[in-house]
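All chains should be modelled from the sequences, with the hints used to inform the complete structure.
Listed in order, the protein sequences are those of chains A and B.
Take the first sequence: its letter number 17 is residue 17 in the numbering used here, and every next letter is one higher.
Take the second sequence: its letter number 95 is residue 95 in the numbering used here, and every next letter is one higher.
By construction, these hints were calculated from the structure, which means they are not laboratory data.
Don't be surprised by glycine CBs; every beta carbon is placed ideally from N, CA and C.
Among the hints, erroneous ones may be present.
Said to hold, decoys possible - For each label pair, taking beta carbons as the anchor points, the in silico distance ranges come out as:
(1) Phe-69/B - Ser-14/A: 45 to 55 Å
(2) Thr-38/B - Gln-45/A: 18 to 28 Å
(3) Gln-2/A - Ala-2/B: 25 to 35 Å
(4) Lys-13/B - Gly-53/A: 38 to 48 Å
(5) Gly-58/B - Ser-27/A: 13 to 23 Å
(6) Ser-80/A - Arg-73/B: 34 to 44 Å
(7) Ser-27/B - Gln-45/A: 14 to 24 Å
(8) Thr-52/A - Lys-13/B: 39 to 49 Å
(9) Lys-68/A - Thr-113/B: 35 to 45 Å
As the list claims (entries may be wrong) - Quick partial rundown of chain B residues pointing at chain A, CB under 7 Å, derived from the structure:
(10) Leu-43
(11) Phe-45
(12) Leu-90
(13) Pro-108
As the list claims (entries may be wrong) - Straight line, CA to CA, 27 Å or less: simulated BS3-like cross-link-like pairs of lysine-lysine:
(14) Lys-49/A - Lys-57/B
(15) Lys-58/A - Lys-69/A
(16) Lys-69/A - Lys-49/A
(17) Lys-101/A - Lys-57/B
(18) Lys-68/A - Lys-101/A
(19) Lys-69/A - Lys-109/A
If you want the building blocks of each chain, they are given just below.
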Amino acid sequence: AQSVTQLGSHVSVSEGALVLLRCNYSSSVPPYLFWYVQYPNQGLQLLLKYTTGATLVKGINGFEAEFKKSETSFHLTKPSAHMSDAAEYFCAVIYSGGYQKVTFGTGTKLQVIP
Amino acid sequence: KAGVTQTPRYLIKTRGQQVTLSCSPISGHRSVSWYQQTPGQGLQFLFEYFSETQRNKGNFPGRFSGRQFSNSRSEMNVSTLELGDSALYLCASSPPIAGGTDTQYFGPGTRLTVL
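Shown next as structure tokens:
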């Protein structure tokens with residue numbers, strides 16, 4: 001079965017440090033790729049998405065992700081962490097022909113240390 | 001535009017009962033998907049409706065069902081509730097585009113607790 005893997009269920013960074021959250025997908029055909037953020041007791045908010053075109057995707061709140069087909073990866077980065085970035089982040093994919101059937105990664109909880 | 005709304009936000013039921021959750025998509029969106037989120041299983045796809053037809057279905061038992069109305073509003077029903085059905089149920093809507101795949105916009109969820 002096709003899947004998406006997020007390395008690290010918990011990541012801690014200092015305020016102002018680089019944020020790197022890893023995501024790898026399993027497919028020979030590049031899927032549609034998304035990053036969502038979830039704050040406690042809330043739904044999911046879209047950070048950014050990759051469909052086609054430019055492989056470096058910029059999203060909201062200073063986040064960006066790079067689609068690397070050779071590595072089947074779509075890692076999320078932010079140059080400088082802010083306290084408000086503390087949340088859970090989900091990588092998600094829609095595979096070809098999957099319409100809106102989204103497969104989510106297991107999530108990474110980001111802790112930002114002051 | 002108003003976002004995706006889900007009602008109720010919180011629900012407490014007992015084992016064996018049934019429950020109906022409601023989702024109103026963003027105006028103009030015709031695709032509605034449902035997800036179950038639990039600490040143990042994470043986010044799992046339940047089903048997707050488009051123009052009142054179920055277009056995709058996840059691996060859940062038949063106790064979980066859904067429907068979509070002509071105004072794109074959707075309901076999901078869980079019959080004979082089990083303790084393991086306690087979860088956050090999320091609804092997401094998407095605009096209609098060629099090819100059928102686009103960003104999903106999520107509602108705040110319905111927190112179901114089964115006692």
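Now for the hints, and whether the structure bears them out:
1. Taken as a hint, the range 45 to 55 Å holds for the pair Phe-69/B and Ser-14/A, whose Cβ atoms sit roughly 50 Å apart.
2. For Thr-38/B and Gln-45/A, the hinted distance range of 18 to 28 Å is satisfied, since their beta carbons lie about 20 Å from each other.
3. Distance hint check: the CB atoms of Gln-2/A and Ala-2/B are about 34 Å apart, consistent with the given range 25 to 35 Å.
4. A hinted range of 38 to 48 Å holds for the C-beta pair Lys-13/B and Gly-53/A, which are about 46 Å apart.
5. For the pair Gly-58/B and Ser-27/A, the beta carbons lie near 18 Å from each other, so the given range of 13 to 23 Å is met.
6. A beta carbon spacing of about 42 Å between Ser-80/A and Arg-73/B agrees with the range 34 to 44 Å that was offered as a hint.
7. Separation of Ser-27/B from Gln-45/A is about 19 Å and conforms to the stated range, judged on CB atoms against 14 to 24 Å.
8. Range check, Thr-52/A to Lys-13/B: Cβ separation about 44 Å, and the 39 to 49 Å hint holds.
9. Between Lys-68/A and Thr-113/B the C-beta distance comes to about 42 Å, which sits within the given range of 35 to 45 Å.
10. For Leu-43/B, the shortest C-beta to C-beta distance to chain A is roughly 4 Å, which falls under 7 Å, so the interface hint holds.
11. Taken as an interface hint, Phe-45/B checks out: its beta carbon lies about 6 Å from the nearest beta carbon of chain A, inside 7 Å.
12. The restraint placing Leu-90/B at the interface with chain A holds, with a minimum CB-CB distance near 6 Å, inside the 7 Å limit.
13. Taking 7 Å as the C-beta cut-off, the interface hint given for Pro-108/B holds, the closest approach to chain A being about 5 Å.
14. With a C-alpha separation of about 23 Å, the suggested pairing of Lys-49/A with Lys-57/B holds against the 27 Å cut-off.
15. Restraint check for Lys-58/A and Lys-69/A: satisfied, since their Cα atoms lie roughly 17 Å apart, inside the 27 Å limit.
16. A threshold of 27 Å between alpha carbons decides the hint, and for Lys-69/A with Lys-49/A the separation of about 15 Å falls inside it, so the pair holds.
17. A distance of roughly 8 Å separates the Cα atoms of Lys-101/A and Lys-57/B; the hinted pair therefore holds under the 27 Å criterion.
18. A threshold of 27 Å between alpha carbons decides the hint, and for Lys-68/A with Lys-101/A the separation of about 22 Å falls inside it, so the pair holds.
19. With a C-alpha separation of about 25 Å, the suggested pair Lys-69/A and Lys-109/A falls inside the 27 Å cut-off, and the hint holds.
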